[in-house]
Amino acid sequence: MKKQQTNDVILQTVTKIACFIILLFSFHIFLAGHNNPGGGFIGGLMTASSFVLLLLAYDLKTVQNILPVNFIYVAGTGLLISICTSAGSFLFGAQFLTHSFGYFDLPLLGKTELATAVLFDIGVYLVVVGVTMTIIQTIGERE
Amino acid sequence: MTALHIAILSPLAFAFFIPLLAKYVRRIHTGWFVLILPALLFIYFLRMIGMSANGETLKAELAWIPSFGINFTAYIDGLGLLFALLITGIGSLVVLYSIYYLSKEREQLGSFYVYLLMFMGAMLGVVLVDNVIVLYVFWELTSISSFLLIGYWYKREKSRYGATKSMLITIFGGLALLGGFILLYIMTGSFSIRSMVSQTDIILSHDLFIPALVLILIGAFTKSAQFPFYIWLPDAMEAPTPVSAYLHSATMVKAGIYLVARFTPIFAFSEVWFWVVSITGLITLFWGSFNAVKQTDLKSILAFSTVSQLGMIMSMLGIGSAALHYNHFEYYLVSIIAAIFHLINHATFKGSLFMAVGIIDHETGTRDIRKLGGLMTIMPITFTITLIGAFSMAGLPPFNGFLSKEMFFTSVLRISEFNLFHVSTWGPLFPILGWTGSVFTFIYSMVLLFKTFGGKYQPEKLEKPAHEAPLGMLISPVILGSLVVIFFFFPNILSYRIIEPAAESIMPHLLAGNEKFKVKLEGWHGPSPELYMTIGVVVLGILAYLTLTKWKKIYRLFPEKLTLNTLYDRTLYGIEKTSNKVTRTYMTGFLRDYLVYVFLFFIMMIGGSLVLTGGFSFDTKGNAEIGAYELVLSAVIIAATLTTIVAKSRLTAIIGLGVIGYTIALFFVIFRAPDLALTQLIIETISVSLFLLCFYHLPKLSFKPRTVKFRVTNVVVSIGVGAVVTLVALAANSQHTLNSISTYFIENSYKLGGGHNIVNVILVDFRGFDTLFEITVLVIAALGIYGMIRLRLEKRGEEQ
Chain A
1 MKKQQTNDVI LQTVTKIACF IILLFSFHIF LAGHNNPGGG FIGGLMTASS
51 FVLLLLAYDL KTVQNILPVN FIYVAGTGLL ISICTSAGSF LFGAQFLTHS
101 FGYFDLPLLG KTELATAVLF DIGVYLVVVG VTMTIIQTIG ERE
Chain Y
1 MTALHIAILS PLAFAFFIPL LAKYVRRIHT GWFVLILPAL LFIYFLRMIG
51 MSANGETLKA ELAWIPSFGI NFTAYIDGLG LLFALLITGI GSLVVLYSIY
101 YLSKEREQLG SFYVYLLMFM GAMLGVVLVD NVIVLYVFWE LTSISSFLLI
151 GYWYKREKSR YGATKSMLIT IFGGLALLGG FILLYIMTGS FSIRSMVSQT
201 DIILSHDLFI PALVLILIGA FTKSAQFPFY IWLPDAMEAP TPVSAYLHSA
251 TMVKAGIYLV ARFTPIFAFS EVWFWVVSIT GLITLFWGSF NAVKQTDLKS
301 ILAFSTVSQL GMIMSMLGIG SAALHYNHFE YYLVSIIAAI FHLINHATFK
351 GSLFMAVGII DHETGTRDIR KLGGLMTIMP ITFTITLIGA FSMAGLPPFN
401 GFLSKEMFFT SVLRISEFNL FHVSTWGPLF PILGWTGSVF TFIYSMVLLF
451 KTFGGKYQPE KLEKPAHEAP LGMLISPVIL GSLVVIFFFF PNILSYRIIE
501 PAAESIMPHL LAGNEKFKVK LEGWHGPSPE LYMTIGVVVL GILAYLTLTK
551 WKKIYRLFPE KLTLNTLYDR TLYGIEKTSN KVTRTYMTGF LRDYLVYVFL
601 FFIMMIGGSL VLTGGFSFDT KGNAEIGAYE LVLSAVIIAA TLTTIVAKSR
651 LTAIIGLGVI GYTIALFFVI FRAPDLALTQ LIIETISVSL FLLCFYHLPK
701 LSFKPRTVKF RVTNVVVSIG VGAVVTLVAL AANSQHTLNS ISTYFIENSY
751 KLGGGHNIVN VILVDFRGFD TLFEITVLVI AALGIYGMIR LRLEKRGEEQ
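Heads up: the sequence lines are chains A and Y, in that order. Residue numbers for the first sequence, in this note's numbering: 1 to 143. Residue numbers for the second sequence, in this note's numbering: 1 to 800.
Treat the hints loosely; a few may be bogus.
As the list claims (entries may be wrong) - Label-pair ranges, simulated between beta-carbon atoms: (1) V712/Y / K16/A: 55 to 61 Å; (2) Y744/Y / I21/A: 35 to 41 Å; (3) F773/Y / E141/A: 26 to 32 Å; (4) L610/Y / L106/A: 57 to 63 Å; (5) N733/Y / Y73/A: 43 to 49 Å.
Worth flagging that the hints you see were computed from the coordinates, not collected in a lab. Where a beta carbon is used, it is the ideal one built from N, C-alpha and C, also for glycine.
Looking at chain A on its own, in the form it has when it is part of the complex (with noise of 0.2 Å):
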C-alpha cells in the first residue's frame, strides 16, 4: 500500500462513519456470540476489517498514528488471556478448560449472564485482530 492520493473525500468521509459502524457491529457480533450468530472469531474479523478500511482510506503512516498499537503485542495478549483463563479453573481444584456461568444483578444491566467462556473468547478476539494486521501491515509495508 503506497502512500495513498490526498483528494479521495468520499471514500475517507465515508470511511470515517463507516469504521464505526462495523466496529460496533463487531462489538455486537462478539457479544452476542454466546446465544447468536458470532463470537470472537468473526468478532476480530469484523474489527479487523474495519481496520483495513482505514488503511484502505489513508496510508499506513496516517493509521499508525490513529492505532499506536504494535498488532503484535495484541496477538499475544490475546494468546496469553486465552490460555490464563484456561488455566484459571486449576484455582478452583477443575480440570484444565472448564468454564462455569452465573447470572448477576449488574447497576446499569439488570439481571445478566456472565460466563468465564467469554474471557476465553475475549483472547480468541485479540488474537484474530493482531493476526490480521500483523499479516496485513506486513505485506502492506513490504516495498
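Dock chain Y against chain A, hints included.
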C-alpha cells in the same frame, strides 16, 4: 562371574589400558605388556587339558538378558579347548613376533594392540560360549576387529580396499548366520547349543531345517573363505604380517570350521549337509591350490594356500558325517580326526610360514618371488623354517602335514566306498579332486621354497641388502617349526589329550555312556594305497614344478573377466550405479512429481482397498431432497471451478476462486450454518485480497506444458483422486452404523455451557482445547510472515 568369564573378557578389558601404556611408557615396546596376557591365558587353558581328557566339561553361566534367554554361558569341552589353546598359544607367539616386526617409532602401536586384543577376546568368546546370540556378538566383533587390522595402514589404497571387501563379505555371512540362529531358536525354543543338540530330532523333522542349515553354512563359508566366498582372503594380505599369520591363517578363518564342527551334531544326519560341506570343501581345496601356483607374491601364495587347506579341513568334516550312518563308525570317523589333526597342523606350519615370509619382506623389502632368489646361504634359519613349513604343507615326511594328508587320503578313499546318498555315482570324484588338489599343493609349496631361497641372489633388484633376521623375530617361527616336527614323531601327545575330546564334542551321538574314542596316530603305517598316492603326488609334483614355465600358460587361458573378483567388483559397482540411477529417476527434485506419487499411492491404496474388500455400497435412503437452490449453486460452483482450471490469466483464476468461496458461503447459508457463512465470507474476502496483493509480483501463468505425457498424467491422476474421494464419501454416507453425538450438544449447550449458540459453545467450552491451539496456529502464522518479510528486508539492507 567365574574365572572362565574373566578369561574370555580379559583381553577386551586389557585393551582399555593399551593406549595409556602406549602413550606414557614409551621406552618399552607396548607388545611386551600385551605378551603377558595371552601367555597367562595359555597356561590357564593348558591346565584344563586334564579335565577335558577325562571327558568332563565346564559350564558357567552369567545372566545377561535372562528375560530373552540370552545369557553369557561359558562352556568348555574338547573342541572349545582346542581352539582356545590355538588362539592363546599362537596369539602369544604372534605378539612376540610383532614386537620385533613393528617399529616402536614409526607405527601406532596403541591401535595395533588394541585391535589385536579385541580380536583375541572376540575369538575366545566365539569358541567358548554356548549361547548362539552371544556367539553371534563375538562373531561380529571378530569381523570388526579383522576389518580394523586389515586396514591398519589406512593410508594405503589397497589396505582400505581389502578391509572393505573382507568386511562386506564376512558381515554378509554373519547376518546370514544370525538368521540361521533365529530359525534354530524358532525350532527349539532355546538359544543354547547344547539344548539344541538334545532336540536334534525335532530340528531334523522341522520345515525350517533346510533354511537354517543353508544360512548357517553361508556364515561358516564366508568366514572360512570357502568357494566362492574366498575372494576376500587374498586381499586381506595387505594387513601387517603378524595379523595375516594370526587371523588369516591360524584363528579367524577357522571360526567357520569351528562353527561347522560345532553344529555337526545337529545337522550331520542330513544328506544336504554331507554333500554341501564336503563338495564345497573339495572344490575350495582344488581351486585354492590351483590358483596359488600362479601367484607371484609370497603372501598371495600363502593366502590361496590357506584357502585350499581350509577347504581340505571343511571337506573332511563333511565326509566325517558319514560315520553317523554306520554301526562300525570308526571306519569313517578317521576323517573327523584327520580334520582336527590337520587343523592343529595347519595352524603350526602356516603360522611359521607367514612369519618366515614376514621376515623375508622385512629384511629384503620385497615379497615378489620374481625378485627374490638365492637367500639360502644368507638367511639359513629362515630357510630352515620355510623348508619345514613348506614340506609339511606339501605333505612330506617327516613333518606333521604328512600324517594329516595320509589321513585325508584315507578318508576320501573310504568315502568313495560309501553306499548312501548316491555316493556310488559320484564317489570317484572325492579322491580325484583331493589328489589333484594335493599335486598343486606340492607345486606351490616348492615354488614358495625354491623361488625364494634357490637360484641366484639378485641384490640389484632388492630394496636393501638381505641379511638374517634378529633373534627375537626368529623365536616364534622356530617354536612353531619345531612343533611341526615334534607332532610328526610324537603325534600321540595330541591324540589322547586333545584330539579325542574334540572328536567327542563333534560326534557326541556316537558314544553311549562313558565310552571314549580311541585315537592312535602313527608316523608309519606300512605300504598302503595312501602311501602310493603320496608318492604319486611327489613324482608328478616334481615333474610339474620342473616344467612349470612350459605349462604356466594355461593360467592365461582363463580370462580375467570371468574371475570372482571381477564379479565382486562389478556387482558392487553395479549396485551403486543402479541405486544411483533408480534414485535419480524418481527423486527428480520437482514438487509436482512427488505430488503425482503421493496422489497415485492415494488412489492405489484407497481405491484399491475399496475394490478388493468390496467396501463400496450405495444407498440413497435417508438422503434429503435436492432443492432448486442447491442445483443452481452447484451449477455456479462447477462453472467457477472450470473457469479457474482453464483460465489463461491469473486474475481470472483468482476471481474464479473467489466465486467458489462465496458460493460455499451461500451453501452454508442454505444449509443453515450462519457462523460458518459469516466466517467464510470474511476469510474469503481477506484471502482474495491477499492473492491480489501478491498478484503483481508473480510471473504469468505458464501454459506451456513440459510434455503432453505430463499433462495427461495430471489429468488422469486428478480425475482418479476426485473419483476415489467421491466414491469414499458416497460409501461412507450410505452406512450409518452409530448414532451421532450431536444430540448431547443440543441438549446440554444451555444447561452446561450457558449459551444458545451451540457452535460457539462447542468452540469455547466443550471443545475449547482445539480452539486454544487454533489461535496458536494463527499467531505462529503471523509471526512467520512477519519474520520472513522483515528479516529478509534487514538482510538485504545489510548487504547494501
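Here is how each hint holds up against the structure:
| no. | hint | in the structure |
| --- | --- | --- |
| 1 | V712/Y / K16/A: 55 to 61 Å | 57 Å, holds |
| 2 | Y744/Y / I21/A: 35 to 41 Å | 39 Å, holds |
| 3 | F773/Y / E141/A: 26 to 32 Å | 29 Å, holds |
| 4 | L610/Y / L106/A: 57 to 63 Å | 59 Å, holds |
| 5 | N733/Y / Y73/A: 43 to 49 Å | 47 Å, holds |
Hint compliance for this structure: no hint is broken.
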